[in-house]
Structures are given as C-alpha cells and as structure tokens.
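> We have chain A; now place chain B onto it with these hints.
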Amino acid sequence: MTYVLTGEDKPLTGFGALRAAVSSLDPRMRIVMTVIYAVTVVTLDDLRVLSGALILSMWLLAISGLPFQKTLKRMAMMDGFIIFTLILLPFTMPGTPMFSVFGFDATWEGLWRATEIALTANAVILAVMTLVGSMEPVTMGHALFALKTPERLVHLMMFTIRYIDVLREEYLRLRTSMKLRGFRPGTNWHTYRSYGYLVGMMLVRAIERSERILAAMKCRGFCGRIVLLEEFRLTRTDVMFAGAMVLALAALIWAEVAYAAA
Amino acid sequence: MHIVDGALSNPVLLGGAALAVGGIAMGLKKLPLERIPAAGVLSASFFVASLIHVPIGPSSVHLILNGLAGLVLGWAAFPALFVGLLLQAVFFGFGGLTVLGVNAINIAGPAVLAGLIFGRLVARGTPMQGAIWGGLGGGFAIAVTTLAVAFSLALSGDEFIPAAKLVFVAHIPVIIIEALLSGAAIFLARRVKPELFAGAKGGWA
Chain A
1 MTYVLTGEDK PLTGFGALRA AVSSLDPRMR IVMTVIYAVT VVTLDDLRVL SGALILSMWL
61 LAISGLPFQK TLKRMAMMDG FIIFTLILLP FTMPGTPMFS VFGFDATWEG LWRATEIALT
121 ANAVILAVMT LVGSMEPVTM GHALFALKTP ERLVHLMMFT IRYIDVLREE YLRLRTSMKL
181 RGFRPGTNWH TYRSYGYLVG MMLVRAIERS ERILAAMKCR GFCGRIVLLE EFRLTRTDVM
241 FAGAMVLALA ALIWAEVAYA AA
Chain B
1 MHIVDGALSN PVLLGGAALA VGGIAMGLKK LPLERIPAAG VLSASFFVAS LIHVPIGPSS
61 VHLILNGLAG LVLGWAAFPA LFVGLLLQAV FFGFGGLTVL GVNAINIAGP AVLAGLIFGR
121 LVARGTPMQG AIWGGLGGGF AIAVTTLAVA FSLALSGDEF IPAAKLVFVA HIPVIIIEAL
181 LSGAAIFLAR RVKPELFAGA KGGWA
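From first to last, the protein sequence lines are chains A and B.
Numbering follows my numbering, with no gaps: position 105 of the first sequence is 105.
Numbering follows my numbering, with no gaps: position 101 of the second sequence is 101.
Excised from the complex, chain A in its bound form (with noise of 0.2 Å):
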C-alpha cells in the first residue's frame, strides 16, 4: 500500500523485511524510542560523539531490513538541498581563518558547525527512517493512536496516507491528457496558467471525492472511533532493544560530557 511513501518501484518494506529485526518489535516502543534519541542527538555538540551517533544510526539500518543503498540515497538526497547553507558556514562564521576565496575568508569554527549539523541531521533521519519509516504507514497510525495522539489527528493522517496515492493516479492522469493535447512546460505564462488550473482541477476532484468518501462512511455507520485491528504487545525483545538504545544513548551522552571536561 501507499507507494507514493514507501518506494518508487516497490515499497520498502516488502524487502524481505519480515526477517529483519526491527520490524519485529512494537511499533509504539520503536517511535518513543525515535523520539528519545532524536532528542538526545540534537543536544550533542562534540563532532566525535556526534559520529558515534551515526555509527549508531547505521547499526539500525543494518538491522532494519530495509535496502542499504536506496535509503541511504534518500538521505544523501536531503543533504542536496542542506549543502549550500552548509557551504556558505565557513564564510560567515567569524572565527580562525583556513583558506580564503575571492577575498573571503573560510573559518575552522565554520567548517566545524557544518560538520555538526550534516552529522546530526543524517543521524537523525536516519533512525527516522528507519525505526519508524520501515513502518506500513498505517501501522504508524495505529501506533500514533496508542500512544494517546489525538483520534482526530490520526484520522486525518490516515486519510492522508490513503489518498495520496489515488491522487498521484489522479495527477498523473490528468498530466497525460495534457500532454496528448500538446502541452509543453516551458517558463512562460501558458504553463503556469495550465498548472495552476491542473492543480485547481486536482482540488476540485479531490473535494468531490471526499463527499462520495463521506457518504460511502455514513452509509457504513462510521461514528468516529478508531478500531485497533492489531493489538500491540510489548515483549521481551522490545524491552531489550529498548534498554541496549538506552544504554548507547548513556554512553553518547558520557563521551559529551568526559571530552567536554577534556
């Protein structure tokens, strides 16, 4: 399901993830579990305990079961659009000069504070994607639910999930009868008229679908209340797995604070 988020060709989590370590444990205990390291990574500052954290972050994709080079494409695709502010912190930073461009001087302390944020935010999103992508994303729902977010909330992320993919059908097909009445995208006013009607178009069915959507749930009764169809269990494994991330974290944070003092 959902193969606008899981995958371009196939979703991620059909690879042989069964097996996989991850996707084996409650779904509640791996996105808290997210949540506590993405929190504890932002704090750390020091570079070599920041790649420790990525170390770590690899350990789990290593277990996770999802495709090595297809998510870390993923991720390298995030640092796209983060390089050129990245870039430019050398410059901008005051601090000792390294080697300076067109009368520009490029700063040790500005490489530094580049580094510490490519190394954070790829840790990070990492265990994301991960821990909690590797998800069926209606599982991440139900988990979402469990864990008290509000009912509301929830539904409309499920709507959401659900229709995103009908909706690039939608987009798709409309796309094509454009392009079998000729239409070429070029930087001109006839193409940003024609995608914004494409988009009001989009919008319009969209609205009409969500009224034959509505009618098909009263008909069925639906009163609001989300039903759980899996129970979520925790086990020992997630009570382990738990305490060993714990136990990283700890010592994460221990190797901040001794090389802080150093």
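Keep in mind the hints are simulated off the structure, nothing from the lab.
Predicted model, so just to flag it, every value in this text is computed and none were measured.
Where hints are given, some of them may not hold.
Claimed, not checked - Derived list of chain A stretches under chain B, where covered just means 3 residues or more per stretch with a C-beta under 8 Å from a C-beta of chain B: (1) 78 to 92; (2) 121 to 131.
Stated by the list, open to error - Example chain B residues on the side facing chain A (calculated, C-beta under 8 Å, incomplete): (3) Ala-7; (4) Pro-11; (5) Ser-45; (6) Phe-47; (7) Gly-84; (8) Ala-163; (9) Ala-189.
Stated by the list, open to error - Listed below are the simulated DSSO-like cross-link pairs for lysine-lysine, each with C-alpha atoms no more than 27 Å apart in a straight line: (10) B:Lys-30 to A:Lys-148; (11) A:Lys-148 to B:Lys-165; (12) B:Lys-30 to A:Lys-218.
Where is the CB? At the ideal position from N, CA and C, for every residue including glycine.
Only chain B this time, still in chain A's reference frame:
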C-alpha cells in the same frame, strides 16, 4: 523550505514545538468529524502537488502551495500540512524530527494566516476577482514562509544571517510562481466548484 535537525538552537526548537502543538489543537478544534474526509483528501492532494516541478528558466522549482491550502482549508490547514511534513520526514527523509514544530510553524502558520486574511475575499465577487485575491494570498503565504525560515535561522545564530538573506532572495521567483499558480487554481475552482472555499456559504472557517 525544510530546516534539518541540528541547525537550530534548543530554545527555537522548543518554541516552535510549543506553538505547533497550539496550532494543531486549534486546527483540530475547527475540524468537525464530518469534514475529516474532505480535509484528509485535500491534505493528500497538497502532498501530491508538492511533488510537481514547475519549470523556471533552465531549472525547476517544486511547489509548496501552502497559501492555497490555507485558502481552501482555513484553520484545518495547520494539522493537514503538519501531517504532510510528518510523512515527508518519516518516509522521504526530508526535514527532520526535532524541527517538525518549527517547520510546521513556518509552513502551516502562513497558510492559516493567508486563509484568515484572504479566505473570504477569494469566495466573493467574480471568479476573476477571487483569482486575484487568491494569487495575492498564495504569494503572501510563501513570502511569509520564507521570512519565517530566515527568521528561525537568524534566531539560532548570527552565522546563518547571510544564508537566511540568500534563502529569501532565491525564493522571489518561487513567490511569483506560487502566486500565479494559486490565482489560476482559484479561478478554475471558482468557476467549476464555487463551494470549495473556506469563506463560502456552507464552508468551514
């Protein structure tokens, strides 16, 4: 437009998260159960729309359309766009987890603002008048988003100020394109399905 983990200072992250919780609570309060299917399907369509790349010169930009979301959904745009950001972080690796609150404020905040200011104007008058207000609303939301991103970077450290300025200048063409597209989308929707808009009769504030 997404800020990643590790760039912002802790007070900014905490402030963003607290404001985002408030925004989501407010949005959910304005979202009756009857409207959830509509909000969910629209949230999904904005998610899909953000995957569209629009050519600009030799390059292309991807759409955000948060202004349009605010015009159509009103306050409900907040939780709807938050859900989009959450899914992007978890399944695509765009953005981050601890910055989710700040990103939600930066993107969904201006959407709600655009909805509150321009929502009624868009539903009024001829479709052409509605489209002009819609275009203004769309451009306004993305401009505020850009400023908010620049502001959250600048709050976290002076070293980001040049990057923040660059972000704003680089997004001027995006602001224009989003305004044109939002206007055109509103024009079409006003002619085809006028009841779509937040300010319209039978709509949802």
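> Give a verdict on every hint.
Evaluation of the provided hints:
1. 78 to 92: Coverage by chain B holds here, the residue count being 9 at a Cβ distance below 8 Å.
2. 121 to 131: It holds: at least three residues are needed, and the segment 121 to 131 of chain A offers 6 whose Cβ sits within less than 8 Å of chain B.
3. Ala-7: holds, 5 Å
4. Pro-11: Violated, about 12 Å.
5. Ser-45: Cβ of Ser-45 of chain B sits 4 Å from chain A, so the hint holds.
6. Phe-47: At 5 Å from the nearest chain A Cβ, Phe-47 of chain B passes the 8 Å test, so the hint holds.
7. Gly-84: This hint holds: Gly-84 of chain B lies near chain A, its Cβ roughly 7 Å from the closest one there, short of 8 Å.
8. Ala-163: holds, 5 Å
9. Ala-189: holds, 5 Å
10. B:Lys-30 to A:Lys-148: holds, 20 Å
11. A:Lys-148 to B:Lys-165: violated, 40 Å
12. B:Lys-30 to A:Lys-218: Holds, at about 20 Å.
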